[in-house]
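**Q** If you want this note's numbering, it's the 1-based position in the sequence shown plus 39.
Errors might be hidden in some of the hints.
[Stated by the list, open to error] Distance windows between CB atoms, simulated:
1. Gly61 <-> Ala120: 21 to 29 Å
2. Ala60 <-> Ala92: 26 to 34 Å
3. Arg136 <-> Ala106: 30 to 38 Å
4. Leu109 <-> Asp55: 31 to 39 Å
5. Leu129 <-> Leu86: 38 to 46 Å
6. Ala106 <-> Thr49: 26 to 34 Å
7. Ala98 <-> His121: 27 to 35 Å
8. Leu64 <-> Val118: 42 to 50 Å
9. Ile101 <-> Glu58: 24 to 32 Å
10. Ala60 <-> Ala106: 28 to 36 Å
11. Ser59 <-> Leu129: 20 to 28 Å
12. Leu78 <-> Leu129: 58 to 66 Å
13. Arg136 <-> Ala60: 52 to 60 Å
In case anyone wonders, no lab produced these hints; they're calculated from the structure.
Glycine included, C-beta positions come from ideal geometry on N, C-alpha and C.
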Amino acid sequence: MSTTDTIRPTAELTADVAESAGDGLRAAEIGVVVLIGLLACPPFLILAVVVAAPLVAGAALIAALVAPVLAVGCLVRRVRAHHRAHGTTLFLHRLRRS
Numbered sequence: 040m041s042t043t044d045t046i047r048p049t050a051e052l053t054a055d056v057a058e059s060a061g062d063g064l065r066a067a068e069i070g071v072v073v074l075i076g077l078l079a080c081p082p083f084l085i086l087a088v089v090v091a092a093p094l095v096a097g098a099a100l101i102a103a104l105v106a107p108v109l110a111v112g113c114l115v116r117r118v119r120a121h122h123r124a125h126g127t128t129l130f131l132h133r134l135r136r137s
């Protein structure tokens, strides 16, 4: 098996890197313009804080409440899949340990 088929020309790679860097700079410029706009017009800044801060806090609270429940569910599924793959049950597993 040869991996030389997957090598990309350096010109194409350079173009991809330049395009990615340009996209990153464009996003940073938009962020700076929005920040300056909010600082120049205090009512919009106040509105953004009044609307965005509770939304972010609510999303964080919901995520903190939902994450443990989902984590337990994922762990239970993983353990059950492990036991199914070996053809054992929790009862047999505990019986072997004792």
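**Q** Would you list, in rising numerical order, the hints stated earlier that this structure does not obey?
**A** When the structure is compared with the hints, numbers 1, 5, 6, 9, 11 turn out to be violated.
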